[in-house]
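Asks: In case you want the letters, here they are:
There are 2 protein chains.
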Amino acid sequence: MLKKIYFDYVYMNLTIDQSIVAYKKNEVPIGAALVYNKKIIIKGHNKTIVNNNPMDHAELLVLKKAARILTKIQLRESVLYSSLEPCPMCSHAINLFKIRKLIFGAYNIKSGAIDHGPRLLQLSNSYKNITTIGGLLEVKCEKFLKNYFKKVRRI
Amino acid sequence: MLKKIYFDYVYMNLTIDQSIVAYKKNEVPIGAALVYNKKIIIKGHNKTIVNNNPMDHAELLVLKKAARILTKIQLRESVLYSSLEPCPMCSHAINLFKIRKLIFGAYNIKSGAIDHGPRLLQLSNSYKNITTIGGLLEVKCEKFLKNYFKKVRRI
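Protein chains in written order, with this note's numbering: chain F, 43 to 197; chain B, 43 to 197.
Treat the hints with caution; some may be incorrect.
Just so you know, same-sequence chains aren't split out, so a pair can sit in one copy or run between any two.
As the list claims (entries may be wrong) - Only pairs whose alpha carbons sit at most 27 Å apart, straight line, appear in this in silico BS3-like list of lysine-lysine:
id: 1; residue 1: K114; residue 2: K170
id: 2; residue 1: K140; residue 2: K89
id: 3; residue 1: K66; residue 2: K106
id: 4; residue 1: K80; residue 2: K192
id: 5; residue 1: K192; residue 2: K81
id: 6; residue 1: K140; residue 2: K193
id: 7; residue 1: K106; residue 2: K152
id: 8; residue 1: K89; residue 2: K107
id: 9; residue 1: K67; residue 2: K170
id: 10; residue 1: K67; residue 2: K182
id: 11; residue 1: K80; residue 2: K193
id: 12; residue 1: K81; residue 2: K106
id: 13; residue 1: K114; residue 2: K89
id: 14; residue 1: K182; residue 2: K170
id: 15; residue 1: K193; residue 2: K114
id: 16; residue 1: K152; residue 2: K170
id: 17; residue 1: K152; residue 2: K114
id: 18; residue 1: K152; residue 2: K66
id: 19; residue 1: K107; residue 2: K192
Everything labelled a hint here was simulated from the structure, so no lab data went into it. No experiment lies behind these values; they were computed from the predicted model shown.
Modelling step: build the complete structure from the supplied sequences, incorporating the hints.
Replies: Here you go:
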């Protein structure tokens with residue numbers, strides 16, 4: 043059990059590293075990573091500004107690329123890590139891919155859809171076999187988000 | 043006013059044509075089209091099977107391509123037509139792109155997120171200036187969906 047939690051910390055730290063990459067590129071600092079069979083398949087970050095596309099959230103990009111790499115339409119045995127609680131769009135994509143476990147860092151009170159707002163993965167018609175864990179390395183995940191929004195407001 | 047409604051029928055019929063294209067390719071028959079400045083910018087259909095990606099819904103593909111064609115990150119003055127009530131993923135994408143009007147045909151009682159389920163565009167933090175109209179050419183939109191599911195169940 044301890045070992046399992048330890049792995050989660052390692053993967054979440056890699057996810058946070060991705061959010062720092064986004065921060066340095068002046069993107070909203072959110073990172074995501076997908077783990078399958080205890081191996082990182084893909085990690086990435088938010089690219090809404092560089093791609094001029096408000097849908098290019100870290101989670102969505104990672105899911106899309108993972109499905110291409112694994113050549114699977116469902117990612118049943120996968121774990122998705124995200125530095126921020128996913129929005130409704132990403133939450134439903136997680137549902138469509140039938141992800142086994144979602145682990146996120148910071149809570150998103152305004153736009154989150156896991157433990158806030160519409161709580162999409164708790165609806166009766168969503169995929170039943172998903173476990174969601176929020177708040178892993180929460181403070182570290184929030185740090186760069188807070189810094190980013192301070193910086194944006196200053197401009 | 044009459045003229046406006048007439049246009050909506052024309053565009054919805056083009057959208058339904060796209061759902062028929064999907065039907066012929068054994069995809070779930072859902073079509074979408076984006077209109078900007080009274081011109082169709084892009085129309086398309088569901089490609090989840092051919093692209094091996096459960097996220098490749100008609101609406102999401104059309105929004106992504108429209109943003110690329112119009113080189114805009116927001117599609118404020120656009121109208122999105124869909125033959126089926128959008129799911130939570132597509133509904134939030136519509137919200138992110140700040141679409142002005144969404145017109146859909148058939149209602150999706152099980153997985154819709156506009157007039158059913160989480161009703162995402164009615165949440166307090168969603169984009170305020172969107173108008174949604176459901177049920178335009180509803181029976182025609184439903185027809186191919188019903189036929190598709192009959193066909194799938196037979197296999």
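Asks: Compare the structure with the hints numbered earlier in the document and write down the numbers of the violated ones, lowest to highest.
Replies: Going through the list in order, the structure violates hints 4, 5, 9, 11, 14 and 19 and respects the others.
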